[in-house]
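Chains as they are written, first to last, in the working numbering: chain A, 399 to 815; chain B, 399 to 815.
Heads up, some of the hints might be wrong.
Heads up, the list lumps identical chains together, so a pair's fine if it works in one copy or across two of them.
Straight-line alpha carbon distances no greater than 27 Å define the calculated DSS-like cross-link-like pairs of lysine-lysine that follow [said to hold, decoys possible]: (1) Lys491 - Lys712; (2) Lys647 - Lys696; (3) Lys446 - Lys423; (4) Lys493 - Lys509; (5) Lys427 - Lys682; (6) Lys509 - Lys712; (7) Lys627 - Lys744; (8) Lys427 - Lys712; (9) Lys696 - Lys686; (10) Lys577 - Lys516; (11) Lys725 - Lys423.
Calculated from the structure, these hints are not laboratory results.
From a predicted model like this one, the values you see are computed outputs, not experimental measurements.
As a plain string of letters, each chain reads:
Protein chains: 2
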Amino acid sequence: MQANIGIIGTGTVGSGVIEIIKNQKDLIKNRTGVEINIKKVCNRTIEKAKALIDESKITESYEDIINDNEIDIVLELIGGYDPAKDIIISSLKNKKHVVTANKAVIAKYGKEILEEAKNNNVSIAFEASVGASIPIIKTIKESYAPDSIQQIYGILNGTTNYILTRMEEGMSYEEALKKAQDLGFAEADPEFDVEGKDAAQKLVILAKLAFNGDLDDNIFTWGITKISKNDIRYAADLGYKIKLLAIAKQDDEIELRVHPTMIPKDHELASVNNELNAIYLIGKQTTKSMLYGKGAGKLPTATAVVADIIDIAKNKQDNLYLKETKKKDINKITSRYYLRYNVIDKPGVLAQVAKILGENNISIAAVQQKEINKDVVPVIVITHEALEENMIKAIKEIDQLEVAKEPTVLIRIEDIH
Amino acid sequence: MQANIGIIGTGTVGSGVIEIIKNQKDLIKNRTGVEINIKKVCNRTIEKAKALIDESKITESYEDIINDNEIDIVLELIGGYDPAKDIIISSLKNKKHVVTANKAVIAKYGKEILEEAKNNNVSIAFEASVGASIPIIKTIKESYAPDSIQQIYGILNGTTNYILTRMEEGMSYEEALKKAQDLGFAEADPEFDVEGKDAAQKLVILAKLAFNGDLDDNIFTWGITKISKNDIRYAADLGYKIKLLAIAKQDDEIELRVHPTMIPKDHELASVNNELNAIYLIGKQTTKSMLYGKGAGKLPTATAVVADIIDIAKNKQDNLYLKETKKKDINKITSRYYLRYNVIDKPGVLAQVAKILGENNISIAAVQQKEINKDVVPVIVITHEALEENMIKAIKEIDQLEVAKEPTVLIRIEDIH
Numbered sequence: 399m400q401a402n403i404g405i406i407g408t409g410t411v412g413s414g415v416i417e418i419i420k421n422q423k424d425l426i427k428n429r430t431g432v433e434i435n436i437k438k439v440c441n442r443t444i445e446k447a448k449a450l451i452d453e454s455k456i457t458e459s460y461e462d463i464i465n466d467n468e469i470d471i472v473l474e475l476i477g478g479y480d481p482a483k484d485i486i487i488s489s490l491k492n493k494k495h496v497v498t499a500n501k502a503v504i505a506k507y508g509k510e511i512l513e514e515a516k517n518n519n520v521s522i523a524f525e526a527s528v529g530a531s532i533p534i535i536k537t538i539k540e541s542y543a544p545d546s547i548q549q550i551y552g553i554l555n556g557t558t559n560y561i562l563t564r565m566e567e568g569m570s571y572e573e574a575l576k577k578a579q580d581l582g583f584a585e586a587d588p589e590f591d592v593e594g595k596d597a598a599q600k601l602v603i604l605a606k607l608a609f610n611g612d613l614d615d616n617i618f619t620w621g622i623t624k625i626s627k628n629d630i631r632y633a634a635d636l637g638y639k640i641k642l643l644a645i646a647k648q649d650d651e652i653e654l655r656v657h658p659t660m661i662p663k664d665h666e667l668a669s670v671n672n673e674l675n676a677i678y679l680i681g682k683q684t685t686k687s688m689l690y691g692k693g694a695g696k697l698p699t700a701t702a703v704v705a706d707i708i709d710i711a712k713n714k715q716d717n718l719y720l721k722e723t724k725k726k727d728i729n730k731i732t733s734r735y736y737l738r739y740n741v742i743d744k745p746g747v748l749a750q751v752a753k754i755l756g757e758n759n760i761s762i763a764a765v766q767q768k769e770i771n772k773d774v775v776p777v778i779v780i781t782h783e784a785l786e787e788n789m790i791k792a793i794k795e796i797d798q799l800e801v802a803k804e805p806t807v808l809i810r811i812e813d814i815h
Numbered sequence: 399m400q401a402n403i404g405i406i407g408t409g410t411v412g413s414g415v416i417e418i419i420k421n422q423k424d425l426i427k428n429r430t431g432v433e434i435n436i437k438k439v440c441n442r443t444i445e446k447a448k449a450l451i452d453e454s455k456i457t458e459s460y461e462d463i464i465n466d467n468e469i470d471i472v473l474e475l476i477g478g479y480d481p482a483k484d485i486i487i488s489s490l491k492n493k494k495h496v497v498t499a500n501k502a503v504i505a506k507y508g509k510e511i512l513e514e515a516k517n518n519n520v521s522i523a524f525e526a527s528v529g530a531s532i533p534i535i536k537t538i539k540e541s542y543a544p545d546s547i548q549q550i551y552g553i554l555n556g557t558t559n560y561i562l563t564r565m566e567e568g569m570s571y572e573e574a575l576k577k578a579q580d581l582g583f584a585e586a587d588p589e590f591d592v593e594g595k596d597a598a599q600k601l602v603i604l605a606k607l608a609f610n611g612d613l614d615d616n617i618f619t620w621g622i623t624k625i626s627k628n629d630i631r632y633a634a635d636l637g638y639k640i641k642l643l644a645i646a647k648q649d650d651e652i653e654l655r656v657h658p659t660m661i662p663k664d665h666e667l668a669s670v671n672n673e674l675n676a677i678y679l680i681g682k683q684t685t686k687s688m689l690y691g692k693g694a695g696k697l698p699t700a701t702a703v704v705a706d707i708i709d710i711a712k713n714k715q716d717n718l719y720l721k722e723t724k725k726k727d728i729n730k731i732t733s734r735y736y737l738r739y740n741v742i743d744k745p746g747v748l749a750q751v752a753k754i755l756g757e758n759n760i761s762i763a764a765v766q767q768k769e770i771n772k773d774v775v776p777v778i779v780i781t782h783e784a785l786e787e788n789m790i791k792a793i794k795e796i797d798q799l800e801v802a803k804e805p806t807v808l809i810r811i812e813d814i815h
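Please work from the sequences and hints to get the whole structure.
Structure below.
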């Protein structure tokens, strides 16, 4: 069967898609029966696109692709919200299937887009939007269709995982970020990655599929900028690693959060290092499983896009099933916590901190005072399970103590079963 | 859409399938649009099946299922070659799709079965045959359809991985096997698992799909019975772990082998412990990735079977693409090797061993003599890259030396990139 495609956007992913279709055309046809034909490619600068494909196929206007009767599948590979969302919706309205790698649009407008696809009896595919070639979307949608996923733990952002790995080796946050930028793993403005926003968008997509929840993309997100290499060292002393985890849990409500998390250092996720991504799933039937690999990059991402094209050509039908769900209030979650106070080293300080914790119903599991030859010393407290809102209140009170010299660092501890 | 199924075999997997269809029927219908109806169940002892399903649906004869006009999909869940192969072939000839968890039949008769399916325009699905609910078949066939997989490294047998994990903690092989048997991870007759035969069948299935090779199931297979806990300890001293790896590599020829393998202890596969399975793939485009999870068990395996039913109901078509391929002669592979000699501790012994290795073009990278207060001492030799046939010849010569007290233990070392 034929898949006639139009590609909008020829950046990293788009050029990778063209390369793969060129190199693997015969293999794909032999394996799957699908012959992929690139009908048109849209790029704002024709000169740039000429290096990739015959000039006769290049257009400056994406409308040429959306309105082309010969094109069955539109690839939206420009990213961002505008005009990406309009391209997707207009293509679907024109009865064209759409493949995208755009996590932002799917996280925010997923329901609207899925409904538009259903109404027009066409498909929308977005495997590349989370974890590049890690087949997590297909696994959740198809392999785990008969299972009830209960928990998702994802290392979904390569930039922050790379930075944390370097910090484990002794680099400061600033040094590690600089190195990530030098290697092209981090943007000049790293905020979207280091503040956890990229991971949050991806988590929302996975949670929608796993829990069939009509979830918005406004979730609790903390980044890694306040983690010091000392925290990483102290965590290691206690048998933990710190990872930026994207966590989703299904109960009566859906719990969604992205934040630096201490996990036992012998857990499978703890050995996912550098720029790699992994998703750890806990299913009712399948119990535990993990998918691991490159979460970004030209050819890994483009491979996922091409696999989506093949699926669509083979007539795989989509189903829209999202039900109303309630997101859990972050204040109502419970967790164990790592706290690092920086306090003046004088008698009675720990008693003041302990009193505040006790008044807020937080019980202490362990205390360690680190270096003792300075005026200001870090004190590490590990708590038993406590309520988030109590913890946030306690920290506010502690940070107002006269002996507190810097804001308390808080890291949630997750015992993944 | 409706999927009317007949289930042949109600052992662990079959009863799991019935349980999942019962519990998840609505969820599956909402998510995928597929309504699964169990039309008939075949069990030789009706009394046993009555605990699972309404008596009116039970038959003692599988022919009743193969010939039932109302049944679209036959589940072959009895395992083994006979009558499983006949059930599969007859069902396909009767234009019924088939889902099976039977690795033996697919590894040995895969080509014939795939051709029969194609000729009758029906599907054969076997996700559960390798790695239970780890979606490795789907990943290779669909997600990696546009990629060229170059290497596969699998921990495909839970029994042996469980035994090796316990041996790392200091148990002897016999103690670990006993414990595995007590826990139900190993059969009373463990040969099929511990000699690597189970892993070999699974590897053949993966290699057929990944390389589209028309491969038979006769591959080089060594088990774990000759590994001692000392070898595991010596390997650890050198920075390695020992795993029963199933290895497939694509070059001009296809290299297929299952044997105990030393891998760097910080490699992702080294942290796959206990009864868990994992498959590490190296693709031209996707570079490295790993899928990890429960490789056996009632509900994980049954989940994979039910996912296959859904795929078939959604009209996913199969393609048969197997090309003639040449299997690499095991004698022609190269590897680094760990050798443990048990020799009488007297002057000149190492010189004799080193001479034989040198004469066979094998160069030594490192030597360690372990305990020195005994008459017979273990000597560990790590070699540089050498040709397998040279190594086997050298070991024969060494084992004939008068100072050799026990057969040399050989473990291949794999540097997975």
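* State whether the alpha carbon distance between Lys725 and Lys423 is at most 27 Å within one copy, between copies, both, or neither. => between (44 Å within a copy, 25 Å between copies)
* Homomeric proximity label, Lys647 with Lys696: Cα distance no greater than 27 Å -> between (31 Å within a copy, 24 Å between copies)
* How would you label the pair Lys627, Lys744 (within, between, both, or neither) given a Cα cut-off of 27 Å? -> within (25 Å within a copy, 53 Å between copies)
* Asked: Checking Lys577 and Lys516: alpha-carbon separation at most 27 Å within a copy, between copies, both or neither?
  -> neither (45 Å within a copy, 53 Å between copies)
* Quick one: Lys509 to Lys712, C-alpha cut-off 27 Å, is that within a copy, between copies, both, or neither? -> both (24 Å within a copy, 22 Å between copies)
* To do: Measure nothing new, just compare the shortest in-copy and cross-copy C-alpha distances for Lys696 and Lys686 to 27 Å and report within, between, both or neither.
  => Close across copies (14 Å), not inside one copy (30 Å); limit 27 Å.
* Between copies, within a copy, both or neither: which fits Lys446 and Lys423 at Cα up to 27 Å? -> Close inside one copy (23 Å), not across copies (52 Å); limit 27 Å.
* At 27 Å max between alpha carbons, let me know whether Lys427 reaches Lys682 within a copy, between copies, both or neither. => Result: close only across copies, 18 Å inter versus 37 Å intra.
* Up to 27 Å between alpha-carbons, please classify Lys427 paired with Lys712: within, between, both or neither. => Both. Shortest intra-copy (12 Å) and inter-copy (21 Å) distances satisfy the 27 Å Cα cut-off.
* To do: Please work out whether the CA atoms of Lys493 and Lys509 approach to 27 Å or closer within one copy, between two copies, in both situations, or in neither?
  => within (18 Å within a copy, 38 Å between copies)
* Asked: When no copy is named, should Lys491 and Lys712 be tagged within, between, both, or neither for a Cα gap of at most 27 Å?
  -> Close inside one copy (21 Å) and across copies (24 Å); limit 27 Å.
Going through the hint list in order, the structure does not satisfy hint 10, though it satisfies all others.
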